[in-house]
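Based on the hints, put chain B in the right spot on chain A.
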Amino acid sequence: MFIRIISLIVLFLSYAPNHVFGHGAVQRASELKDSEIRLFVADNMNGSVVVVDFPDGEVTHRVSTSPSIMILASNKDNKYIYAMRGRDTDDDLTSILSTGFDLEEQQFRKPHVIRTIKTDTPGGPRDSKMATVGGYDAILTEGEAEVVVIMSDDIDGYGELKTKRYKIAAPDHYHYLEGETYLYIGHLFNGFVQVLDRSTGKEVKRINGCPMLHGMTEDKESGRLIFSCARDVIVVGTLGEEKAELISRIPYPENTGRGCAAFLKGEGRVQWCYTEGIIPRLYRVDLSQEPYQFTTLSVESSIQQNSTDDGKYLMVLSKQGVLYLYHGRDGNLIKQIKVSEPFLGDWFEDVGKAILPDIESHKGIAYITLTHEGRIAEIDLEQGKVKRYIDIGGFPTRIVLLAKETLVQASN
Amino acid sequence: MNKSTKILFLGMITLFVGIFFQPNVFAHADHDKDAIIIKMADIMINLEHFPTEDEKKKLQSVLDSDSSTDQEKIIANAIMHIQHSSTVEDQDKLQLIIDNTVATSTVNTLAKIVQSFSHGISKTDKRKLQTIKFKG
Numbered sequence: 003m004f005i006r007i008i009s010l011i012v013l014f015l016s017y018a019p020n021h022v023f024g025h026g027a028v029q030r031a032s033e034l035k036d037s038e039i040r041l042f043v044a045d046n047m048n049g050s051v052v053v054v055d056f057p058d059g060e061v062t063h064r065v066s067t068s069p070s071i072m073i074l075a076s077n078k079d080n081k082y083i084y085a086m087r088g089r090d091t092d093d094d095l096t097s098i099l100s101t102g103f104d105l106e107e108q109q110f111r112k113p114h115v116i117r118t119i120k121t122d123t124p125g126g127p128r129d130s131k132m133a134t135v136g137g138y139d140a141i142l143t144e145g146e147a148e149v150v151v152i153m154s155d156d157i158d159g160y161g162e163l164k165t166k167r168y169k170i171a172a173p174d175h176y177h178y179l180e181g182e183t184y185l186y187i188g189h190l191f192n193g194f195v196q197v198l199d200r201s202t203g204k205e206v207k208r209i210n211g212c213p214m215l216h217g218m219t220e221d222k223e224s225g226r227l228i229f230s231c232a233r234d235v236i237v238v239g240t241l242g243e244e245k246a247e248l249i250s251r252i253p254y255p256e257n258t259g260r261g262c263a264a265f266l267k268g269e270g271r272v273q274w275c276y277t278e279g280i281i282p283r284l285y286r287v288d289l290s291q292e293p294y295q296f297t298t299l300s301v302e303s304s305i306q307q308n309s310t311d312d313g314k315y316l317m318v319l320s321k322q323g324v325l326y327l328y329h330g331r332d333g334n335l336i337k338q339i340k341v342s343e344p345f346l347g348d349w350f351e352d353v354g355k356a357i358l359p360d361i362e363s364h365k366g367i368a369y370i371t372l373t374h375e376g377r378i379a380e381i382d383l384e385q386g387k388v389k390r391y392i393d394i395g396g397f398p399t400r401i402v403l404l405a406k407e408t409l410v411q412a413s414n
Numbered sequence: 293m294n295k296s297t298k299i300l301f302l303g304m305i306t307l308f309v310g311i312f313f314q315p316n317v318f319a320h321a322d323h324d325k326d327a328i329i330i331k332m333a334d335i336m337i338n339l340e341h342f343p344t345e346d347e348k349k350k351l352q353s354v355l356d357s358d359s360s361t362d363q364e365k366i367i368a369n370a371i372m373h374i375q376h377s378s379t380v381e382d383q384d385k386l387q388l389i390i391d392n393t394v395a396t397s398t399v400n401t402l403a404k405i406v407q408s409f410s411h412g413i414s415k416t417d418k419r420k421l422q423t424i425k426f427k428g
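As given, the protein sequences belong to chains A and B, one line each in that order. Position in the first sequence (from 1) plus 2 gives the number in my numbering. Position in the second sequence (from 1) plus 292 gives the number in my numbering.
What the hints contain is simulated information worked out from the structure, not anything from laboratory work. Just so you know, these numbers come straight off a predicted model, no measurement behind them. Backbone N, C-alpha and C define an ideal beta-carbon position, used for all residues, glycine too. A portion of the hints provided could be inaccurate.
The following label-pair restraints were derived from C-beta to C-beta distances [stated by the list, open to error]:
hint: 1; chain 1: A; residue 1: Y160; chain 2: B; residue 2: K365; range: 52 to 58 angstroms
hint: 2; chain 1: A; residue 1: E33; chain 2: B; residue 2: S408; range: 44 to 50 angstroms
hint: 3; chain 1: A; residue 1: G136; chain 2: B; residue 2: K349; range: 21 to 27 angstroms
hint: 4; chain 1: A; residue 1: N210; chain 2: B; residue 2: R419; range: 44 to 50 angstroms
hint: 5; chain 1: A; residue 1: A31; chain 2: B; residue 2: Q375; range: 53 to 59 angstroms
hint: 6; chain 1: B; residue 1: R419; chain 2: A; residue 2: P57; range: 24 to 30 angstroms
hint: 7; chain 1: A; residue 1: E343; chain 2: B; residue 2: D391; range: 17 to 23 angstroms
hint: 8; chain 1: B; residue 1: R419; chain 2: A; residue 2: K131; range: 31 to 37 angstroms
Just chain A, with the same shape it has in the complex (with noise of 0.2 angstroms):
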């Protein structure tokens, strides 16, 4: 008996350690990553949110959110990026991501999804940038005809998720901007910039007469916003006296029957703007010398334009796979670098879900999502080559651009 007792105690004991010291202490391992750029690019295989730090050009993370990604943007402070899903859905859902900078650290950690909310038909952004009201971040709901402000400074956690609601005067496509105290929204369809005042949200006035109105921009050295029309743009002011006026109207140079989409902004106040669709042509004009015309630049069918963040370079993507360089003040054809095979077949993105390939630079060196090949062309603007090429595989769209640099010194 004895002798059993003593077995069953030295088989207790030899077995025991084995669960005292299960949970023992670890060696804690640091997830902090000393990256100079984060590129947070859009997966729309699968509705993925790639990450990728340079300088190693590593894919260093993958955040699942809503397929059928629209829209990519960052915030304010770029603490979070906001990922709008497109129409092809009967599920508007935004995802809240953190961009996983610690800001005590000053380097990146995981990013991860905060929050997914759902918005009916979520848009807003402009160049990337979310919308904001009184600096906090807002989406346009177009479905709605709302604007939703986002009252919290911090979207993490599980608490209720503060807004304020603003009524706009009817849903529409939106672009949008905010002057000095009134709130500036372009209506595509209806044809007119409706201005609401930011302290009331009660409507001011109604700038009519902007059929089709599509993008829109701003000149920060006199406040003015510009809308595009149909068949020229309004110039509208936001400031002192000027404050929700028609400025003045710009007609395009030749009546094509396609207005701007969208402006890239280039060197001094010069503004370029592209046309919808795949036409080659863009328009400049610059805002310093008044009265305001428009000048035409000839280019190759482009899939996609961007500037530079300095505005020295206008970057143009040809069909061909050509990313042309021209000078951002006079549109003189510069270099041109080949970056990749054609985009074969038509390239018409609609608001489903985001298709086009994207272009993002910082300090020379610009990124392309080249959306056919499933990878990003880093490119050395001013060697004029490819660095290097980074797979990511499925078909990356949107980019937002973080650097180390803008976060640290937005921080200071």
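Structure of chain B alone, referenced to chain A:
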């Protein structure tokens, strides 16, 4: 029909025709992507040696549809007859499509893939088909 009704009627017709031919009106419409080409691309992506009965039914629906173009019907017919590769007769018909369409068009791309099919889909062709399916 009195004069004012006639004027109203003619005005409505003119307005309708005018709006219809404005390209910008369609700029934000939910465009009907090329559903038939996408359907055939979807079949080709996973095709091994020959189409299944289910795939043949889908192809027959393309042949029976009034909305299918002649070129789409030729391609559907060629896929239906694939036995490890397309028939010589179908290859000739596909060549006509290839010769008479823009080299970068989706119809041209699909015709080339069907024409050169051999037992299965190559990685390159699979990517092209996935792209057709993705963008329409």
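Tested hints:
1. A C-beta distance of roughly 57 angstroms is found between Y160(A) and K365(B), which places it inside the suggested range of 52 to 58 angstroms.
2. For E33(A) and S408(B), the hinted distance range of 44 to 50 angstroms is satisfied, since their beta carbons lie about 48 angstroms from each other.
3. A hinted range of 21 to 27 angstroms is violated for the C-beta pair G136(A) and K349(B), which are about 58 angstroms apart.
4. Between N210(A) and R419(B) the beta carbon distance is about 48 angstroms. The supplied range of 44 to 50 angstroms therefore holds.
5. At roughly 56 angstroms, the beta carbons of A31(A) and Q375(B) sit within the given window of 53 to 59 angstroms.
6. At roughly 28 angstroms, the beta carbons of R419(B) and P57(A) sit within the given window of 24 to 30 angstroms.
7. For the pair E343(A) and D391(B), the beta carbons lie near 22 angstroms from each other, so the given range of 17 to 23 angstroms is met.
8. For R419(B) and K131(A), the hinted distance range of 31 to 37 angstroms is satisfied, since their beta carbons lie about 33 angstroms from each other.
Going down the numbered hints, you'll see the structure goes against just number 3.
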